[in-house]
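Two chains, two frames, some hints: make the complex.
Going down the list, the sequences are from chains P and G. Residue 44 in my numbering sits at position 44 of the first sequence; the count goes up by one each step and never skips. Residue 113 in my numbering sits at position 113 of the second sequence; the count goes up by one each step and never skips.
Treat the hints with care, as some may be off.
Here chain P is said to cover these stretches of chain G; the calculated rule only asks that three of the stretch's residues, wherever they fall, bring their Cβ under 8 Å from a Cβ of chain P [stated by the list, open to error]:
#1 34-44
#2 47-61
Some chain P residues well away from chain G (every beta-carbon gap over 10 Å; in silico) [said to hold, decoys possible]:
#3 Asn58
#4 Ser74
#5 Gln115
Keep in mind that the hints were calculated from the coordinates and are not lab data. All values reported here derive from a predicted model rather than from experimental measurement. Ideal Cβ placement from N, Cα and C applies to all residues, glycine included.
Residues per chain, in single letters:
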Amino acid sequence: AQKVTQAQTEISVVEKEDVTLDCVYETRDTTYYLFWYKQPPSGELVFLIRRNSFDEQNEISGRYSWNFQKSTSSFNFTITASQVVDSAVYFCALSESGGSSNTGKLIFGQGTTLQVKP
Amino acid sequence: NAGVTQTPKFQVLKTGQSMTLQCAQDMNHEYMSWYRQDPGMGLRLIHYSVGAGITDQGEVPNGYNVSRSTTEDFPLRLLSAAPSQTSVYFCASSYSFGVSYEQYFGPGTRLTVT
Numbered sequence: 001a002q003k004v005t006q007a008q009t010e011i012s013v014v015e016k017e018d019v020t021l022d023c024v025y026e027t028r029d030t031t032y033y034l035f036w037y038k039q040p041p042s043g044e045l046v047f048l049i050r051r052n053s054f055d056e057q058n059e060i061s062g063r064y065s066w067n068f069q070k071s072t073s074s075f076n077f078t079i080t081a082s083q084v085v086d087s088a089v090y091f092c093a094l095s096e097s098g099g100s101s102n103t104g105k106l107i108f109g110q111g112t113t114l115q116v117k118p
Numbered sequence: 001n002a003g004v005t006q007t008p009k010f011q012v013l014k015t016g017q018s019m020t021l022q023c024a025q026d027m028n029h030e031y032m033s034w035y036r037q038d039p040g041m042g043l044r045l046i047h048y049s050v051g052a053g054i055t056d057q058g059e060v061p062n063g064y065n066v067s068r069s070t071t072e073d074f075p076l077r078l079l080s081a082a083p084s085q086t087s088v089y090f091c092a093s094s095y096s097f098g099v100s101y102e103q104y105f106g107p108g109t110r111l112t113v114t
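Chain G on its own, in the form it takes in the complex (with noise of 0.2 Å):
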């Protein structure tokens, strides 16, 4: 198994441009989230989905849009990017919706907006 897989590694965006940042996983865990990490506050969820077809915002989703077609793909869309969203993005995916299941990241998306 793969795991879970994030592309691109790297991406540098101007103000403005949008951009997809990929996700999948192919453990067929129906639990899928999105991370941001910033120096100094450690992770903050973003959006979460429990099964395709249904996503739902964490704590910080504002500038971010998501949809879950599939159970294997999770992806992540800045629509306007903006500098605030410079930031290091993980990807994670758990067996299924509850407090008791171990959460798998990728390796993560480092994004620079300028």
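Only chain P is shown next, with the shape it has when bound in the complex (with noise of 0.2 Å):
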């Protein structure tokens, strides 16, 4: 069965400071894709990556950078130079294939609250 796991259910840093968010998955399929997403106190979720099963590539943003890998399946988050509008819900997410059966869902893991203080 597929699932998403973020351990880290909260964490708190100081402004300036790098931070990573974790992400296992497990899945079956040999094609699926991840995704990040944030979510602003204001409540709204924001896309920031997907990642398909094929490509193993670690990918930078500005701050934020993304190491995707397969051997562990885990899917991490780094923030560098944490800043205080980084403070939100971070959800890491499983898009599976399943061929005919495929529901196109996403399998959210439960978030990570991220609180960067001044």
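Right, here's the structure in full:
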């Protein structure tokens, strides 16, 4: 069965610290996609990144970087030099394949609440 | 483009009342879905649609109905609200039915059932 685990429920850091949010997933599919979404205090869900199962290259976007390792079924997210505006709930999600039974659904982790203090 | 819109933003219902949460998108997306978000549980899929006239159940469909008469609209109906349906509801859409497409989420509807 597909599953996404974000073991860190809450993380608190001081501004300018680096922080890594962990995401571990389970799937039997060979083709799948992994996502990260940000949910700021205003409540909307903001798409951050999509990564397919065949692309293990790390990605960097400004202060954000993602480390995808199939060997450990992990897709971790690092914020460098954190800022107060990074305070949010971050969700990791898995999109299953499943061929004809594909529901297209996103399987979400429980979320990690990040608080960045000034 | 307005993207994905949801109405209302907030709603309080009494147990047993019915209501419809509205969702619309103006991106001509084929795929639309409804999720509910509960504390500590992430988001869970309620119902989804791969195109006008086609709907199917997700992970937690009980107590909810959907229909898709047009590409743009995907309303979620609560027939007889229960306190267990107190949650934040998100509608999402994506270009097509497949694993590679980003899903765009609406702003959410916060529902309280007393």
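(request) Return the numbers of the hints above that this structure violates; sort them in rising order. (result) Structure breaks no hint.
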